[in-house]
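Keeping their order, the protein sequence lines are chains A and B. Going by my numbering, the letters in the first sequence line up with residues 1 to 434, in that order. Going by my numbering, the letters in the second sequence line up with residues 1 to 261, in that order.
There may be inaccurate statements among the hints.
Within a straight-line C-alpha distance of at most 16 Å, the following computed EDC-like cross-link-like pairs (lysine to aspartate or glutamate) qualify [as the list claims (entries may be wrong)]:
id: 1; chain 1: B; residue 1: Lys228; chain 2: B; residue 2: Asp244
id: 2; chain 1: A; residue 1: Lys88; chain 2: A; residue 2: Asp167
id: 3; chain 1: A; residue 1: Lys307; chain 2: A; residue 2: Glu397
id: 4; chain 1: A; residue 1: Lys276; chain 2: A; residue 2: Glu334
id: 5; chain 1: A; residue 1: Lys276; chain 2: A; residue 2: Asp310
id: 6; chain 1: A; residue 1: Lys339; chain 2: A; residue 2: Asp321
id: 7; chain 1: B; residue 1: Lys121; chain 2: B; residue 2: Glu93
id: 8; chain 1: A; residue 1: Lys396; chain 2: B; residue 2: Glu241
id: 9; chain 1: A; residue 1: Lys383; chain 2: B; residue 2: Asp75
id: 10; chain 1: A; residue 1: Lys396; chain 2: B; residue 2: Asp244
id: 11; chain 1: A; residue 1: Lys339; chain 2: A; residue 2: Asp252
id: 12; chain 1: B; residue 1: Lys228; chain 2: B; residue 2: Glu239
id: 13; chain 1: A; residue 1: Lys383; chain 2: B; residue 2: Glu93
id: 14; chain 1: B; residue 1: Lys110; chain 2: A; residue 2: Asp252
id: 15; chain 1: B; residue 1: Lys228; chain 2: B; residue 2: Glu241
Because the hints were derived from the structure by calculation, they are not lab data. The model shown is predicted, which means the values in this text are computed figures rather than measured ones.
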Amino acid sequence: MTVETKAELTQSYITSISRELDEPDWLLELRMQGYQYSQSLELPKPEKTSIKDWNVTNFNFHLDERPIKAWDELPEEVKRLIGQETSKANVLIHKNGRPVFSQLDQRLQDQGVIFKDLHRAVKEHGDLVRRYLGQLVDAGENKLTAIHTALFNCGIFLYVPKNIEVDVPLQGIWWQEDGEVGILPHILVVAEAGSKVTYVENTLGAEQGAAVNHYVAEVFVGPGAGVSFAALDNLGAGVTNYVWRRAQVERDGRMDWALGQMHDGDTLSDNLTLLKGDGSAAESKSVAIGRGNQSQNFVQKIIHIGKASDGLILGHAVMKDSARGIFNGISKIEKGATKANGQQTERVLMLSDQARGDANPILLIDEDDVKAGHAASVGQVDKMQLFYLMSRGIPKEEAERLIILGFLNPVVEKIPIEGIKNQLIQVIERKVKP
Amino acid sequence: MSVPHLKIDNLRVAVGDKEILQGLSLEIKGGEIHAIMGPNGTGKSTLASTLMGHPHFHVTHGTVELDGQNVLEMDVDERARAGLFLAMQYPSEISGVTTADFLRTAINVKRGPGNELSLMKFIRKLEEKMKILEMDDAFAQRYLNEGFSGGEKKRNEILQMMMLEPRVCILDEIDSGLDIDALKVVANGVNSMRSPERSFLIITHYQRLLNYIKPDFVHVMMQGRIVKSGGPELAIRLEEEGYDAIKEELGIIDETVGQEA
Numbered sequence: 001m002t003v004e005t006k007a008e009l010t011q012s013y014i015t016s017i018s019r020e021l022d023e024p025d026w027l028l029e030l031r032m033q034g035y036q037y038s039q040s041l042e043l044p045k046p047e048k049t050s051i052k053d054w055n056v057t058n059f060n061f062h063l064d065e066r067p068i069k070a071w072d073e074l075p076e077e078v079k080r081l082i083g084q085e086t087s088k089a090n091v092l093i094h095k096n097g098r099p100v101f102s103q104l105d106q107r108l109q110d111q112g113v114i115f116k117d118l119h120r121a122v123k124e125h126g127d128l129v130r131r132y133l134g135q136l137v138d139a140g141e142n143k144l145t146a147i148h149t150a151l152f153n154c155g156i157f158l159y160v161p162k163n164i165e166v167d168v169p170l171q172g173i174w175w176q177e178d179g180e181v182g183i184l185p186h187i188l189v190v191a192e193a194g195s196k197v198t199y200v201e202n203t204l205g206a207e208q209g210a211a212v213n214h215y216v217a218e219v220f221v222g223p224g225a226g227v228s229f230a231a232l233d234n235l236g237a238g239v240t241n242y243v244w245r246r247a248q249v250e251r252d253g254r255m256d257w258a259l260g261q262m263h264d265g266d267t268l269s270d271n272l273t274l275l276k277g278d279g280s281a282a283e284s285k286s287v288a289i290g291r292g293n294q295s296q297n298f299v300q301k302i303i304h305i306g307k308a309s310d311g312l313i314l315g316h317a318v319m320k321d322s323a324r325g326i327f328n329g330i331s332k333i334e335k336g337a338t339k340a341n342g343q344q345t346e347r348v349l350m351l352s353d354q355a356r357g358d359a360n361p362i363l364l365i366d367e368d369d370v371k372a373g374h375a376a377s378v379g380q381v382d383k384m385q386l387f388y389l390m391s392r393g394i395p396k397e398e399a400e401r402l403i404i405l406g407f408l409n410p411v412v413e414k415i416p417i418e419g420i421k422n423q424l425i426q427v428i429e430r431k432v433k434p
Numbered sequence: 001m002s003v004p005h006l007k008i009d010n011l012r013v014a015v016g017d018k019e020i021l022q023g024l025s026l027e028i029k030g031g032e033i034h035a036i037m038g039p040n041g042t043g044k045s046t047l048a049s050t051l052m053g054h055p056h057f058h059v060t061h062g063t064v065e066l067d068g069q070n071v072l073e074m075d076v077d078e079r080a081r082a083g084l085f086l087a088m089q090y091p092s093e094i095s096g097v098t099t100a101d102f103l104r105t106a107i108n109v110k111r112g113p114g115n116e117l118s119l120m121k122f123i124r125k126l127e128e129k130m131k132i133l134e135m136d137d138a139f140a141q142r143y144l145n146e147g148f149s150g151g152e153k154k155r156n157e158i159l160q161m162m163m164l165e166p167r168v169c170i171l172d173e174i175d176s177g178l179d180i181d182a183l184k185v186v187a188n189g190v191n192s193m194r195s196p197e198r199s200f201l202i203i204t205h206y207q208r209l210l211n212y213i214k215p216d217f218v219h220v221m222m223q224g225r226i227v228k229s230g231g232p233e234l235a236i237r238l239e240e241e242g243y244d245a246i247k248e249e250l251g252i253i254d255e256t257v258g259q260e261a
């Protein structure tokens, strides 16, 4: 039995959600702060993308979903998303914003690895969660982060203790079975000093229906730790997406983002990494496809605070039909970040005359002894590359497909689970088909 | 259908409004190896590119027929499937597409649906050819020509030729930028493909390659046309006397087509 209600940005509704989810007082207080900010703050104004008419609060909530006890209960299309041998899979599945299935290798649990849905983590590891929640994405930033804080309905807490290296990928699945349900997850990843972990998430969206995805992921990379975060975002055309993914990296730590941003609806995506410690490093790789009438605005930003911090931003996008896409790469090197290295590449491939793609590389440098570089291009499929492939007997459409797949490969190759990699390829092929 | 017959008649080709090929005629039958030599700027590469259907060049006059079929009316990929192959002088780099995947796609497109080469057989064939060309196994998994040196790119062209087994092989200055050892290996690969059902058109600036790949016919190109033809001895004469001797003999002052092609 699911209890479905229309989400309301009101204090009484928020309080009832918090009670329903059995949250501690501090969490309700956090939500209330979010509510206050949502009333006083404005929507952000991303450059060249007007979001004032976008859907922000029109969606439903499911407060109850029956847990899934066995693999066989999962429908085929969800099983296919698992992409690993099911009995060995380390996976957490959320259906319509409620956790329904979770599995974590006993061996990892014994090592102290925590991979739980957020509300369970709040109950069982409250202090730990409280220490980190909201530290990177603050409710008071803008109206959207405020709304997320007020209304988030689920999430994942992934915690890796000191020096533990998790050698298998941990997977999160966001399954929107009901097209009117909002997906408002809060993902919290904490990797203590010297630890290593790979997290990969994918979505299964309903084909029809209008809703909103207010998504936040906060990643804390401890000294000498390494986190790889891969994602296949693919919700339907009726969902409007506000995606905030942020990481903070301590001394000698490393953060790798591999984002397959394939949502079919309007999308605002903000990916920020703070290279706080000396010798910290990060790679932000993103591929996106714009089609139909979609409007998308992507920001990939790396801020260098630590000395000898190393940052790489790569954004490749394919635009077709009448889609509009703005792609911003920002490398910011603060004063004191000597010997920092900030590199970025933004490339947009245009497949139609009506589509619009802007690649904006931005270097903000406040220190002398640094290296920085950027490359940006917007263009059509290279005629010489086409000629080369066709000269080997490959028909034009197939040749274009190969070139496009190759263009988006920087993220495809980084997806850690073979099944999900293939899924991303399938999504790409479906979207670029003429 | 098997024994190829390529007939080029009075071909005139322009780039923009600059005419490069000015009435070139040539006939290549199955089993034959033709070498085209000539100084820079005489249209040699233009000929090679035009035969393959390069988008920058357009034919203003003349015909090209393969087994009686009009090549100029075929799209680039059709020409390839009809049996033409061009080992390019400056091969494109295509990031994210491995040499192996690309080759397998090309082979299977040719073989047709339902008749694809199994992965096992493909790998075996690829390893066999890479061994002949003394190429490291790792090459197959690298992205197509990305970061390859000039010599590596040339070897990759010959590898593709050996895997695709075309009927008319056009080699555009396959020797440029190769040291003597690489040259021998490449020549070895080419020679291993000689057959009565295959013909070669080898475009070269220097005679040296022809020490390793013995041609049946040698043609000299100047001013966008073939100005002299002969057997292998013509190549030797060119090596000894240089292009100037031919220019003098034919009364040519400026052998180029007027501008760097």
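So, going through the hints one by one against the coordinates:
| no. | hint | verdict |
| --- | --- | --- |
| 1 | B:Lys228 <-> B:Asp244 | 13 Å, holds |
| 2 | A:Lys88 <-> A:Asp167 | 13 Å, holds |
| 3 | A:Lys307 <-> A:Glu397 | 48 Å, violated |
| 4 | A:Lys276 <-> A:Glu334 | 10 Å, holds |
| 5 | A:Lys276 <-> A:Asp310 | 11 Å, holds |
| 6 | A:Lys339 <-> A:Asp321 | 43 Å, violated |
| 7 | B:Lys121 <-> B:Glu93 | 26 Å, violated |
| 8 | A:Lys396 <-> B:Glu241 | 46 Å, violated |
| 9 | A:Lys383 <-> B:Asp75 | 14 Å, holds |
| 10 | A:Lys396 <-> B:Asp244 | 44 Å, violated |
| 11 | A:Lys339 <-> A:Asp252 | 14 Å, holds |
| 12 | B:Lys228 <-> B:Glu239 | 15 Å, holds |
| 13 | A:Lys383 <-> B:Glu93 | 12 Å, holds |
| 14 | B:Lys110 <-> A:Asp252 | 51 Å, violated |
| 15 | B:Lys228 <-> B:Glu241 | 15 Å, holds |
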